[in-house]
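Chains as they are written, first to last, in the working numbering: chain S, -15 to 241; chain W, -15 to 241; chain U, -15 to 241; chain Y, -15 to 241.
Rather than coming from a laboratory, the hints here were simulated on the basis of the structure.
Possibly wrong hints are sitting among the right ones.
Because identical chains share one entry, a pair is satisfied inside a single copy or across any pair of copies.
[As the list claims (entries may be wrong)] In silico PhoX-like links for lysine-lysine, alpha-carbon gap of 25 Å or less:
| # | residue 1 | residue 2 |
| --- | --- | --- |
| 1 | K13 | K56 |
| 2 | K56 | K10 |
| 3 | K1 | K145 |
| 4 | K41 | K196 |
The lines below spell out each chain.
Protein chains: 4
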Amino acid sequence: MNNTISEGTYLLLLHGKRSWLIKVEKGKKVHTHLGIIDLDEAIGKEYGSYIESSLGKRVYLLKPLTYDVVMKSERRTQIVYPKDMGYIASRLGICSGMNVLEVGMGSGALTTFLAGIVKPEGRVYSYEMRDEFIPIARRNLSRLGLEPYVTIINKDASIGKLEVSSMDAAVIDVGDPWKVLDNVYDAMKGSAPLCAICPTMNQLERLSTSMKGRFVDLEFTELMIRHIEAREGMTRPVFRMVGHTTYLAFGRKVMHG
Amino acid sequence: MNNTISEGTYLLLLHGKRSWLIKVEKGKKVHTHLGIIDLDEAIGKEYGSYIESSLGKRVYLLKPLTYDVVMKSERRTQIVYPKDMGYIASRLGICSGMNVLEVGMGSGALTTFLAGIVKPEGRVYSYEMRDEFIPIARRNLSRLGLEPYVTIINKDASIGKLEVSSMDAAVIDVGDPWKVLDNVYDAMKGSAPLCAICPTMNQLERLSTSMKGRFVDLEFTELMIRHIEAREGMTRPVFRMVGHTTYLAFGRKVMHG
Amino acid sequence: MNNTISEGTYLLLLHGKRSWLIKVEKGKKVHTHLGIIDLDEAIGKEYGSYIESSLGKRVYLLKPLTYDVVMKSERRTQIVYPKDMGYIASRLGICSGMNVLEVGMGSGALTTFLAGIVKPEGRVYSYEMRDEFIPIARRNLSRLGLEPYVTIINKDASIGKLEVSSMDAAVIDVGDPWKVLDNVYDAMKGSAPLCAICPTMNQLERLSTSMKGRFVDLEFTELMIRHIEAREGMTRPVFRMVGHTTYLAFGRKVMHG
Amino acid sequence: MNNTISEGTYLLLLHGKRSWLIKVEKGKKVHTHLGIIDLDEAIGKEYGSYIESSLGKRVYLLKPLTYDVVMKSERRTQIVYPKDMGYIASRLGICSGMNVLEVGMGSGALTTFLAGIVKPEGRVYSYEMRDEFIPIARRNLSRLGLEPYVTIINKDASIGKLEVSSMDAAVIDVGDPWKVLDNVYDAMKGSAPLCAICPTMNQLERLSTSMKGRFVDLEFTELMIRHIEAREGMTRPVFRMVGHTTYLAFGRKVMHG
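Use the sequences and the hints to build the structure in full.
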């Protein structure tokens, strides 16, 4: 029930549309366009309260969500966006306790979200062949203390056999998903659901061909998100929106016949 | 690691685009347009394998996901759709272990999805004033054994004070969300995230006014989902799509001042 | 200034969401679920007034627009939808007086719309190799007296050379647009705009490759239309919408070099 | 059949995604990031050919379309976008020869498009109460020689009665369309179609109430446009898109009863 800010945890500072994800440390000062924000003032305060910057601007003290870590993650790759991430969890029916295989961890945005769900009994097993992403992903996970629930395997998942088996669900986020499909299939439980992230139509088309016969309940989908300016008497969608992030391919493993 | 079908559990039978969510019982036979499906043949088989109907049609034996319970739920109200459900979980950063307040349980679709995430340590506390929905919601939850993680409170959440407090997140799904907003605010931890489901622009506009000053990081959003026919050389979005389910309003509780 | 209904012209009868496009003839009676509609009562009335069916239902007497002919056209093919048709006219800058080449007339929906714009000085030159569509297209055009502005050429436009030249704009609506592109290019004025209707991503991709080097200001586009239920205090987009009709490819002819 | 560039006409210079709408004059030089473009080199060339800038960049010489004038119009107001403009023409069935009433001309973008269609026999009658827009609109129209087909009336269309009557179609583009609806109704022929441009949901809702009983075949609509990057093996929608320009309200005038 404790909801007060303490040293060593992460904090989301928010003013209007701007926010900063920061580790709370004694004596730490954050320099922003709002002036200096003194973190000593935050320690001991309740989440949801506010302090003032040196220029007298109100800064809200928020408890970071997995959403914040995703949106603030160090990105060297295209991340999986919250709208897509949410639908993946919902369409795959991800529950606490599941063991989830992830091929292509990147900077660990989706990994963070999934680890927050499957803990404390479940695990995310993440393959990533590009060495440079491993420390980035670890840092993102550590912000919410989620490393214990993730096993990172620094390896090309298309070569040899995978180290894991009997996975309850699987997500593929690599440029050529059909290359890892055999290995992913073998590592999944019968009936387990799969999602592959396919930014282009060509990837989607080629993967769909590879999935046929081994996966059923196929769904190829795209989500669009649009924000609304809700204001008394002047409500309208915003002028600009994200037009496309990725297509998503779904299926469930069945036995060959 | 056991992945075989046993009596007393639920099973998703799938043939092409048609599926049935069924409790496995000895001697049970399902009559469909594919002929008779004999559940005795399924018992002991592995999930992901198939049996044949009396007319020789292949029927896949799938392990139900929370997604299936949502899509197959007995509906007397409009359900929350998977695309919206997923984004709610992602935007609110729902994790295993959280205590989530739900006002307006309806037939329990969203409840089922959230309970699958917050278990085993967290709980969903669901208010529903319409008596007739309680047994429907219970049945939906029971299909995946999720009742232990849900506390149902059969009461109008706009009257008196709520029984719960220090909630980590809250979701409102009633026709006049502004009426319960005071009570929901009081029951939330500082900084905790809120989502309200608002099918019409007018609800969204009115609620946005009520949220100002008490909630920050406001986001008013709509998600559209479009399926793709992915076929070698003929890939295109499908002709028909769902144009609108609901708007979603998001914010995080902050202290008045 | 005459706005009264006379024999021999077409009339749009409208009741609620239902409508009928009918030629006005003395003694003609239309049998509908509203009872019998007696066209004799319509003759001499002003457009925009109404008569009653034999069951006492109000039926509005409307003057057909090119839009109505398009929506009521005898269809044996997929028609070009009003949203796409409008953007084609707008993106190609179609004006009265232009000579427009159309390859793939089908049932003449787009032809009708374009002929209504380019008349009286301009012409639409429409190629259609499938004999059976010619009479359908002629009937559609004749409903608004637009045949004088359309020259139909019953021929495969990919074979030999086209009969026309110096076209001000061109539209291609055939399954393999790249096959006719050489001939269409040759028949267009320098700088003239082109649109090709491409239902699938694969057609779009292949055509885009063919267009490069010969066409500039390339645009590949898709339009989505969503209807809104505008009702006092309950305004929201409709539940169902059309998810996809076609992609559109645009460019302007330039000289090789 | 003459398709060569001459002095005194407008020309669209295009290089990649950049373009300039320029009046051709002897001795004129255009300074751009591509270096200097010497218009003397363009005179006498065929539309669709190219010249080179002083830095050796290829610049295509294109004949301006009404589309270009719209996109390059001097804007002091939000313009009507090509996607909306096209659907207005298509849904209202605008044909050459029609007399169209426009209330709220702004900078004349829609006026230009409509004038190009209704000429030579039809006219656009445009009301605009803000004096400062009149010269802007005139300049836009003059680029394609369309002033003879437009009558501008510098007046508030909500006051007194309109100068015009028996209009074949009408478009309203003012902030409070319900205020001019009586006058617009009176100026339209029976059965004539109407479109009102409503950027917000609130305008749409309020106008819909005003239209009931006097207009039938009501349609409230929104169009979304998304561009596609069509590239061999990498085809996908673009990341950014326009999320909203305006809602459109349609109806056809009927007699009260």
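Classify it for me, K13 with K56: is the Cα-Cα distance of at most 25 Å met within a copy, between copies, both or neither? Result: close within a single copy only, 19 Å intra versus 49 Å inter.
If the cutoff is 25 Å on CA atoms, where do K56 and K10 land: within, between, both or neither? Let me know, please. For K56 and K10, the Cα distance is within 25 Å only inside one copy (22 Å; across copies 53 Å).
Is it within, between, both or neither when you check K1 against K145 at 25 Å Cα-Cα? For K1 and K145, neither the intra-copy (46 Å) nor the inter-copy (33 Å) Cα distance is at most 25 Å.
Should K41 paired with K196 be assigned to within, between, both, or neither, using CA atoms and 25 Å as the limit? For K41 and K196, only the inter-copy Cα distance (18 Å) is at most 25 Å; the intra-copy one is 57 Å.
Hint compliance for this structure: hint 3 is the single one not met.
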